[in-house]
Every structure is written in C-alpha cells, then in structure tokens.
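> Sequence:
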Amino acid sequence: MADDINIQTPLIEVKGIKKKFGGIVALEGVDLRLFSSEVLALLGDNGAGKSTLIKVISGAYSPNEGKIFFEGKAVKINNPQDATKLGIETIYQNMALFDVLDIPTNLFMGREMKGSFGILDRKKMRSQSVEILGRLKIQVKSINQKVKNLSGGQRHAVAIGRSVYIGSKPKIIIMDEPTAGLGAHESSKLLDLIKELRENGISVILISHNLQHVFSVADRAVVLRSGKVAGERKITDTNPIEILQMMIG
1 MADDINIQTP LIEVKGIKKK FGGIVALEGV DLRLFSSEVL ALLGDNGAGK STLIKVISGA
61 YSPNEGKIFF EGKAVKINNP QDATKLGIET IYQNMALFDV LDIPTNLFMG REMKGSFGIL
121 DRKKMRSQSV EILGRLKIQV KSINQKVKNL SGGQRHAVAI GRSVYIGSKP KIIIMDEPTA
181 GLGAHESSKL LDLIKELREN GISVILISHN LQHVFSVADR AVVLRSGKVA GERKITDTNP
241 IEILQMMIG
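In the working numbering, the protein residues as written are 1 to 249.
The hints are simulated quantities; they were obtained by calculation from the structure and are not laboratory data. Treat the hints with care, as some may be off.
Unchecked claim - For lysine-lysine, the following BS3-like pairs were computed, each having C-alpha atoms within a straight-line distance of at most 25 Å:
#  : residue 1 : residue 2
1  : K141      : K189
2  : K85       : K18
3  : K171      : K189
4  : K85       : K114
5  : K189      : K148
6  : K171      : K234
7  : K195      : K171
8  : K123      : K148
9  : K123      : K169
10 : K85       : K67
11 : K55       : K20
12 : K55       : K67
13 : K137      : K123
14 : K55       : K171
15 : K76       : K20
16 : K171      : K15
17 : K85       : K15
18 : K234      : K195
19 : K146      : K114
20 : K171      : K73
21 : K67       : K171
22 : K146      : K123
23 : K189      : K169
24 : K228      : K18
25 : K85       : K73
All values derive from a computational prediction rather than experimental measurement.
Just need the whole structure built from these sequences, with the hints factored in.
Laid out in structure tokens, this is it:
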C-alpha cells in the first residue's frame, strides 16, 4: 500500500452515514475509507456502532442518510445480494454455518456444483473442498465431518473458504470478531489467513476487541465512539494506549 493513501481512490468509501432505530441514533455522520489490499481495523467499545456500520456496508441495513462509493462510483447497497455483486462478503461472529451438515455442503451451500440432469456433483464438491482447505492450510480428520465437530479455527476457515473460493473472488471481506473464543494457536493461524487474503489482493475490514491481534495484522484503524468517528490512525503511527483513549474518550 502506498505511503500516502490520500492519493488513492478508495475501494469503498462511506460518507455521512446516519442510521437511526426509532429515536436512537446508532450512527451519526460516519465517514470511512477502505483501500485496495488493506486490512482496516474497525474499533470501538460495545455500542459504538461497529456492527451497525458493517451491516450498512453489507446491505443488511439501509442508512437513513449518507452515500456509499465503490471504486469511485456512487452505489446503492439495498440488500446483501447487492453487496455480493460488488464483491463484498461478510463473515459474522456466528459464521452462519450449518452444524449438522458436512464441510462440502457448508462450503457450497447455495452455490452447489451440478452434473448431468441437474444432479449434485458431490464427488467434485468434495475434491474442491479438499483443495480449498489445502489453500487455507487447514487440516481436518475427514472432509465429510459435520461442522459441529470442528474446532473454532476450522469453522472460521470453512466460512472464509466459502467467501473467498466459491463463486467469484471477493474484493472485500468483513470479519466480525473472528478470533473471539479461539486459543492462541488457532488465533495465530487465523491472523495468518487474514495476511494471506491481503497478499492476494483482498481487502479486509476487521472488527476486534483484541488490540494485540489488531496491531499484528492491520494497516490502519478507525475508532468509533457513540456512533461517531473518534479517530483514524495508521497502525505504524499509533499505539494501543492512544487507541484505547479514543475508544473511551
């Protein structure tokens, strides 16, 4: 990423985003930019507006005010399908996996491979699943395992694999607390996956309460407080103490 990001056209930019729920203002005039091949940490205390903002970007919520620009052009993201068409994928904390189904079924859910006469090509989906997990450097006992029997890190890998390798390659992946509940080893592997996504030209918006993880992978941080942007910093120009001060005011 260039040293002076101000000369680049953002991959996605939101301007003046406002979102209200009845009389409660969740976001008030929020601006945010994400650049190509960048990991952007979206930080803030509980209730700061992080989840609301990513739901606006991913099409789950429509803003009351504000504009969204994708690759310099104004766009409307009215639903998650609009976001997917632009190349935006979101992996929420619950990952939306089907616990009682196996890995290939979860990977290809909604994008199943079919052979002659529209019959599911399960053999091809299994072989593709092995290849996808191999790319993500994730080992499992069996590709036919039910997802409920996987570890937290393996489950995240399935969710990432579904977003990155099934269908068209996304340009942006939004991750909501991906290392929550993971041990040190699995967290480290997941952070390595985030770095690999960036190296492959995929930008990441990362929500995390773990500042150690943020400082190990992020290029830049935007801090929200009470629905407003409290600050924006390059990771190389700040430290955890300053970030915490912006979070709590």
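> Among all the numbered hints in the text so far, which are the ones the structure does not match?
none
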